[in-house]
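One letter stands for each residue in the lines below.
Number of protein chains: 2
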Amino acid sequence: MSEDNLCTAGSQSVKLKKEVYINGSASIVGKKEGEGPLGLLFDMVGEDDMFGCKTWEEAESSLQKDAVYMALGKAGKKPEDMRYIFAGDLLGQSIATSFGIMNYNIPLLGVYGACSTCGESLTLGAMAVSGGFADNVICVTSSHFASAEKEFRFPLGYGNQRPLSATWTVTGSGAFVLGSRQETGAKAKITAMTVGKIVDFGLKDSLNMGACMAPAAASTIAAHFIDFNSQPEEYDKIITGDLGSVGQRVLLDFLRDKGYDISDRHMDCGMEIYDADTQDTHAGGSGCGCSAVTLSAYILKQIAEGNWKKVLFVPTGALLSKTSFNEGQTVPGIAHGVVLESLG
Amino acid sequence: MSEDNLCTAGSQSVKLKKEVYINGSASIVGKKEGEGPLGLLFDMVGEDDMFGCKTWEEAESSLQKDAVYMALGKAGKKPEDMRYIFAGDLLGQSIATSFGIMNYNIPLLGVYGACSTCGESLTLGAMAVSGGFADNVICVTSSHFASAEKEFRFPLGYGNQRPLSATWTVTGSGAFVLGSRQETGAKAKITAMTVGKIVDFGLKDSLNMGACMAPAAASTIAAHFIDFNSQPEEYDKIITGDLGSVGQRVLLDFLRDKGYDISDRHMDCGMEIYDADTQDTHAGGSGCGCSAVTLSAYILKQIAEGNWKKVLFVPTGALLSKTSFNEGQTVPGIAHGVVLESLG
Numbered sequence: 001m002s003e004d005n006l007c008t009a010g011s012q013s014v015k016l017k018k019e020v021y022i023n024g025s026a027s028i029v030g031k032k033e034g035e036g037p038l039g040l041l042f043d044m045v046g047e048d049d050m051f052g053c054k055t056w057e058e059a060e061s062s063l064q065k066d067a068v069y070m071a072l073g074k075a076g077k078k079p080e081d082m083r084y085i086f087a088g089d090l091l092g093q094s095i096a097t098s099f100g101i102m103n104y105n106i107p108l109l110g111v112y113g114a115c116s117t118c119g120e121s122l123t124l125g126a127m128a129v130s131g132g133f134a135d136n137v138i139c140v141t142s143s144h145f146a147s148a149e150k151e152f153r154f155p156l157g158y159g160n161q162r163p164l165s166a167t168w169t170v171t172g173s174g175a176f177v178l179g180s181r182q183e184t185g186a187k188a189k190i191t192a193m194t195v196g197k198i199v200d201f202g203l204k205d206s207l208n209m210g211a212c213m214a215p216a217a218a219s220t221i222a223a224h225f226i227d228f229n230s231q232p233e234e235y236d237k238i239i240t241g242d243l244g245s246v247g248q249r250v251l252l253d254f255l256r257d258k259g260y261d262i263s264d265r266h267m268d269c270g271m272e273i274y275d276a277d278t279q280d281t282h283a284g285g286s287g288c289g290c291s292a293v294t295l296s297a298y299i300l301k302q303i304a305e306g307n308w309k310k311v312l313f314v315p316t317g318a319l320l321s322k323t324s325f326n327e328g329q330t331v332p333g334i335a336h337g338v339v340l341e342s343l344g
Numbered sequence: 001m002s003e004d005n006l007c008t009a010g011s012q013s014v015k016l017k018k019e020v021y022i023n024g025s026a027s028i029v030g031k032k033e034g035e036g037p038l039g040l041l042f043d044m045v046g047e048d049d050m051f052g053c054k055t056w057e058e059a060e061s062s063l064q065k066d067a068v069y070m071a072l073g074k075a076g077k078k079p080e081d082m083r084y085i086f087a088g089d090l091l092g093q094s095i096a097t098s099f100g101i102m103n104y105n106i107p108l109l110g111v112y113g114a115c116s117t118c119g120e121s122l123t124l125g126a127m128a129v130s131g132g133f134a135d136n137v138i139c140v141t142s143s144h145f146a147s148a149e150k151e152f153r154f155p156l157g158y159g160n161q162r163p164l165s166a167t168w169t170v171t172g173s174g175a176f177v178l179g180s181r182q183e184t185g186a187k188a189k190i191t192a193m194t195v196g197k198i199v200d201f202g203l204k205d206s207l208n209m210g211a212c213m214a215p216a217a218a219s220t221i222a223a224h225f226i227d228f229n230s231q232p233e234e235y236d237k238i239i240t241g242d243l244g245s246v247g248q249r250v251l252l253d254f255l256r257d258k259g260y261d262i263s264d265r266h267m268d269c270g271m272e273i274y275d276a277d278t279q280d281t282h283a284g285g286s287g288c289g290c291s292a293v294t295l296s297a298y299i300l301k302q303i304a305e306g307n308w309k310k311v312l313f314v315p316t317g318a319l320l321s322k323t324s325f326n327e328g329q330t331v332p333g334i335a336h337g338v339v340l341e342s343l344g
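Those protein sequences? They're chains S and W, same order as listed.
Position 25 of the first sequence, counted from 1, bears residue number 25 in our numbering, the numbering being contiguous throughout.
Position 232 of the second sequence, counted from 1, bears residue number 232 in our numbering, the numbering being contiguous throughout.
If you're looking for bench data, these hints aren't it; they were derived computationally from the structure.
One should not assume that every hint holds.
Copies of the same chain look alike in the list, so a pair counts if it works inside one copy or between any two.
Lysine to aspartate or glutamate pairs mimicking DMTMM-like chemistry, simulated, CA-CA at most 20 Å apart [as the list claims (entries may be wrong)]:
{"#": "1", "residue 1": "Lys31", "residue 2": "Glu327"}
{"#": "2", "residue 1": "Lys15", "residue 2": "Asp81"}
{"#": "3", "residue 1": "Lys17", "residue 2": "Asp257"}
{"#": "4", "residue 1": "Lys54", "residue 2": "Glu327"}
{"#": "5", "residue 1": "Lys237", "residue 2": "Glu35"}
{"#": "6", "residue 1": "Lys18", "residue 2": "Asp135"}
{"#": "7", "residue 1": "Lys17", "residue 2": "Asp81"}
{"#": "8", "residue 1": "Lys237", "residue 2": "Asp277"}
{"#": "9", "residue 1": "Lys74", "residue 2": "Glu183"}
{"#": "10", "residue 1": "Lys322", "residue 2": "Asp275"}
{"#": "11", "residue 1": "Lys17", "residue 2": "Asp135"}
{"#": "12", "residue 1": "Lys150", "residue 2": "Glu327"}
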């Protein structure tokens, strides 16, 4: 047992004995995301959301392909330099991933954590690198508004009304090249992770996923503080994935009940990516792509520029399917925490 | 870089510097599997395939719950002894997993590799333990004939004809407790892994998945021999997941073309679990559960009894969804190899 990699017994967290570097990353988004507050920061913005493909699913695949291509380029790497790819998406059987990254011929470890998948892929990728199983890996996740609506809710043509608690699935993909050595252009390092448990408060509303996921985010963040005996003040930002404005209120309340006030340093990717007032996105953005593109375009930029020294990044996921929803099941949540630190 | 964990550059494989022990495992299957050739070896056989639940999906969740419960019991462990659970299934958004293992409160890392998921979960679980990120983890995967037919093909009530190349999805779940120390009742150790690439030969027939997956199995097995500079003769058995009789022929031909003859030591879990002549299962069994329950009930028993010293276990997966199939996409395959050795 390598003591240094473990926190105390019963802990959900890992402190990396050997830190892992994010040596490159890239983001690609759809038209709506390009028109949002972060629009100018993304590496590529599509002119329409088909990205030259025939189906929404193919379009999402092409997002992953392009994100991986750009991230490799920015890290100065080739596909064959990557020992493994950790990848996933929201679609049944992760088909956006299978058909998106196939041609790179990188050995694939497929992951699923709903919209927390970006956190899970970084967690497993960092373990693989830190544990000496790989020198370099790449992590990629995606979502697409239209393929997600088809997968989880109603056909777009049906034109259903969306309640104000609903979030808007981000069309986008973010990819991250992790390495055991800091290379030119490295943006941040991963120093610790807190793997989330499934948390189910019995909510059943797939049009209020922020509330469904907030208890899981609170659970993971509180577990992180306990495992590391740390306080919110030690982090410049604590950033959730896609709770949106409704979920944020629940999160802050839950954490206050546990004795932690993170309100002055909490940020939610879903609330950053759109301008809810002018873009009609209601509670905010969601989807695997939401936290992934915000991390690549905005969060890593802030860290690389030295504005933030230490960030707890916590993508959040809602564990439902069309089938589980139609069968009357609840919508449990999960959230995975990754500690990102500046290289300075 | 921990040299010992890596094979040469460009390799897909890992040789574990610190070996990982399978300290307990369990299998639960449905009625049909209980009536098959391996029937007496499974830990539990259901009287009908609903397992006391209201839906097929809930039934599959209960399989995972029971497999985890029994595996923990056999390893003499409690849920809180498990730092992580690596789990997945075939259903969209892995709902069998989410609703099956939720109540154990073990931090979850969800995996998806279609029917190769058992191999992927063991690979990632072994990395987590060997890398010092966990003392104990549990890996669980499942499939269910009826939930899979609903997910991928036709409603059961439609009574579609199945071609002879079709496989029968196994109703079952297998769980494996991995640990950094060999404990009483340990059955085998994991010493190496070969992570698979996606291989697409352009086949589109979801009722001939054996042929779709065989090229991927051949790719992973050949890569394994190259990475370790080994020959088939060094393994007592080379065991694929669910190629069935059609896929087996393709696999043996492909490997012969690559210079490897494994015909005298190849076994396929899908061909072991049913008696094709009397059980009307055509080409064999399939599903995440197929390789998982065969590993727990039969393969680990042979290794523990010293009949087999070294086994290359290669679960195979077909990367399709109902959506990708209906949109005319191909059915690519993937296969992950795990080396299991006796403790003697």
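A quick look at each hint next to the structure:
1. Lys31 with Glu327: neither (35 Å within a copy, 24 Å between copies)
2. Lys15 with Asp81: Result: close only across copies, 19 Å inter versus 26 Å intra.
3. Lys17 with Asp257: Answer is neither: 33 Å inside a copy and 45 Å across each miss the 20 Å cutoff.
4. Lys54 with Glu327: between (32 Å within a copy, 10 Å between copies)
5. Lys237 with Glu35: Classified as neither: same-chain Cα gap 25 Å, cross-chain 57 Å, threshold 20 Å.
6. Lys18 with Asp135: This pair counts as both: shortest intra-copy Cα distance 12 Å, inter-copy 18 Å.
7. Lys17 with Asp81: The answer is neither: 23 Å in one copy and 22 Å across copies each exceed 20 Å.
8. Lys237 with Asp277: Neither: 24 Å inside a copy, 63 Å across copies.
9. Lys74 with Glu183: within (11 Å within a copy, 47 Å between copies)
10. Lys322 with Asp275: neither (28 Å within a copy, 35 Å between copies)
11. Lys17 with Asp135: both (15 Å within a copy, 16 Å between copies)
12. Lys150 with Glu327: both (18 Å within a copy, 14 Å between copies)
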